[in-house]
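Engineer: The residues making up each chain are set out below.
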Amino acid sequence: DQQVKQNSPSLSVQEGRISILNCDYTNSMFDYFLWYKKYPAEGPTFLISISSIKDKNEDGRFTVFLNKSAKHLSLHIVPSQPGDSAVYFCAANFGNEKLTFGTGTRLTIIP
Amino acid sequence: DVKVTQSSRYLVKRTGEKVFLECVQDMDHENMFWYRQDPGLGLRLIYFSYDVKMKEKGDIPEGYSVSREKKERFSLILESASTNQTSMYLCASSLGDEKLFFGSGTQLSVL
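Residue numbers (this note's numbering), protein chains in the order written: chain R, 1 to 111; chain E, 1001 to 1111.
Please keep in mind that the hints were generated in silico from the structure rather than gathered at the bench. Check before you lean on any hint, since a few could be wrong.
Now the stretches of chain R that chain E is said to cover, found in silico as 3 or more residues with beta-carbon under 8 angstroms [unchecked claim]: (1) 21-29; (2) 89-100.
So, partial list: chain E residues that the calculated Cβ filter (under 8 angstroms) puts toward chain R [to be verified]: (3) Gly-1040; (4) Leu-1041; (5) Gly-1042; (6) Leu-1045; (7) Phe-1048; (8) Ser-1049; (9) Ser-1094; (10) Phe-1102; (11) Gly-1103.
Even for Gly, the Cβ is constructed at its ideal location relative to N, Cα and C.
Here chain E stands alone, though its shape is the one from the complex (with noise of 0.2 angstroms):
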């Protein structure tokens, strides 16, 4: 089974902070994800990345970037967090098709 590995389950921090959001898969998958889920809003994509060091904007990137050194580990970063991004964050992967694998997520609360 394909496994996405969020690093934090709940987060909390304070406005103004970077924050760092890890995600790892074994499955040696060449694409990952990062959306951000909001009650009404359903599921946002903010970034996504085809390969290592490859990465495109989603639908909301504002105010988030990503880095993607390795194929197994993409990281979500709130360059200076703020209180409207206090969301549930979703990464995921996929081999190349539309089956995305997802995380468990991390609820990120900024105060």
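So that you can see chain R by itself, here it is in the shape it has in the complex (with noise of 0.2 angstroms):
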């Protein structure tokens, strides 16, 4: 049962352009979200969060947003750099620090 779910494996995006990754999720008990970023050979490190109190949470290139009514998150990149290319998972959780993952998206930044 996938409570937390992404459905594209991978995505391909000019350098300069914006990048869009989405994430869906089941359980309405989830109150707060985090995307996390995840080099080859490296541990996932979080990169940005937000609460279900708010629609909209921006750091530098980076902006999530939430839509609770259609369960949807997603995180924007602009401009999107070489360095953005990894694997993006977001997770979610509810009032304790178990988090639920997705299955995560491959981000490719083309030069």
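Join these two chains into a complex; the hints should help.
Structural biologist: Quick look at the structure:
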């Protein structure tokens, strides 16, 4: 039972353009959402998060949008850079530190 | 910077062997976690610990056990390794919020 889903296993974007990564969830109890980024041979690193009381959170080139009614969140990267090529995982939880992760999307930025 | 160190980068074991995966964190974090990462399945929580000698099952605890005798160390034990336990194993720690700090992972192959 995959409660957090990333339906696009991979995505290719031209350098300088916008990258949009999507994530859907089924558990309406989730109230905190995070994005992690993973390079090969390294562990995931925290990128950005959003609480369910907000619908947008921005940090530099990265913005996360949350649509609670659709149970959908997205990560926007503008402008995309070659160093953004990585696997991105969305994650969610409710009231504790136990995160439920999605399946990941491999983002490739084309120079 | 938080450092989470996993003792082995690559490990090859035989079916039926007892396997120990070690993880050490240097930031006095209360919480520690073991995940496995598999293609198409994302990161799945095996076990976690909120304190020394405390442990709780995650989503896929079958075939695994854990030990936390000291705050900084969290060990994952495969009592009798099987081929379906071939995977990337990721240890993480946190201060008590949702931002996990991950180690670089141990790629375990069970032959």
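Engineer: Taking the numbered hints from earlier one at a time, note which ones the structure violates and give those numbers from smallest to largest.
Structural biologist: Violated hints (numbers, rising): 1 and 8; every other hint is consistent with the structure.
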